[in-house]
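A.B. asks: Sequence:
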Amino acid sequence: MMIASFLRRLVRHRGASISITTTFGMTMLIGSAAFAVDLGSLYLDRRKLQGIADAAAMAAAGRPGEEQTAAQRIIAANCDCGIRIAALTPGTYTADPARQAEQRFAGGGAAPNAVRITLTRERPLFFGSF
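Residue numbering for the sequence shown follows numbering that gives the first Met the number 0, starting at 0 and increasing by one per position.
Treat the hints as calculated values from the structure; they're not laboratory data. Accuracy of the hints is not assured; some may be wrong.
Quick list of the computed label-pair ranges, beta carbon to beta carbon [as the list claims (entries may be wrong)]:
hint, residue 1, residue 2, range
1, GLU65, SER31, 45 to 55 Å
2, PHE23, GLN102, 26 to 36 Å
3, ARG103, CYS80, 24 to 34 Å
4, PRO63, SER40, 31 to 41 Å
5, PHE126, GLY81, 12 to 22 Å
6, ARG62, GLU121, 20 to 30 Å
7, TYR92, ILE29, 23 to 33 Å
8, LEU28, LEU6, 42 to 52 Å
9, LEU28, ALA85, 36 to 46 Å
10, LYS47, MET25, 31 to 41 Å
11, ASN77, GLY108, 23 to 33 Å
12, CYS78, ALA105, 45 to 55 Å
Quantities reported herein were computed from a predicted structural model and do not represent experimental measurements. All C-beta atoms in this analysis are idealised placements derived from N, C-alpha and C, irrespective of residue type, glycine included.
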């Protein structure tokens with residue numbers, strides 16, 4: 000009975016409504032900002048990883064038989080931040096505009112002239128861990 004009357008008075012009382020609204024609004028604003036920072040960080044990291052993968056693939060393609068070593072050397076020169084080679088496939092690239100871009104590379108071959116490389120990295124989030 001006492002709790003019910005307290006809740007009725009609390010609902011009718013309008014004195015602190017702006018404080019409650021501001022608190023909820025700020026919570027949503029801070030949460031949205033944290034999400035935007037984490038998402039932006041992931042996209043930036045993805046672009047950086049793509050650049051390193053491109054450089055490593057070009058270096059590996061120029062060193063037949065030593066692809067893994069050449070790629071690791073480029074990765075170490077660019078960033079000492081836990082990047083691992085997930086897959087490295089020597090093959091041949093055919094610059095044929097009639098083919099789809101995904102079909103221009105073929106793994107293996109007698110005289111490989113290209114390398115497909117996939118890099119991975121563990122990336123902690125700034126605010127997502129909270």
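A.B. asks: Are the hints correct? Go through all of them and say.
C.D. replies: Status of each hint after checking the structure:
no.: 1; hint: GLU65 x SER31: 45 to 55 Å; in the structure: 48 Å, holds
no.: 2; hint: PHE23 x GLN102: 26 to 36 Å; in the structure: 52 Å, violated
no.: 3; hint: ARG103 x CYS80: 24 to 34 Å; in the structure: 31 Å, holds
no.: 4; hint: PRO63 x SER40: 31 to 41 Å; in the structure: 37 Å, holds
no.: 5; hint: PHE126 x GLY81: 12 to 22 Å; in the structure: 20 Å, holds
no.: 6; hint: ARG62 x GLU121: 20 to 30 Å; in the structure: 28 Å, holds
no.: 7; hint: TYR92 x ILE29: 23 to 33 Å; in the structure: 48 Å, violated
no.: 8; hint: LEU28 x LEU6: 42 to 52 Å; in the structure: 28 Å, violated
no.: 9; hint: LEU28 x ALA85: 36 to 46 Å; in the structure: 38 Å, holds
no.: 10; hint: LYS47 x MET25: 31 to 41 Å; in the structure: 33 Å, holds
no.: 11; hint: ASN77 x GLY108: 23 to 33 Å; in the structure: 28 Å, holds
no.: 12; hint: CYS78 x ALA105: 45 to 55 Å; in the structure: 30 Å, violated
In this structure, the hints that do not hold are numbers 2, 7, 8, 12, in rising order.
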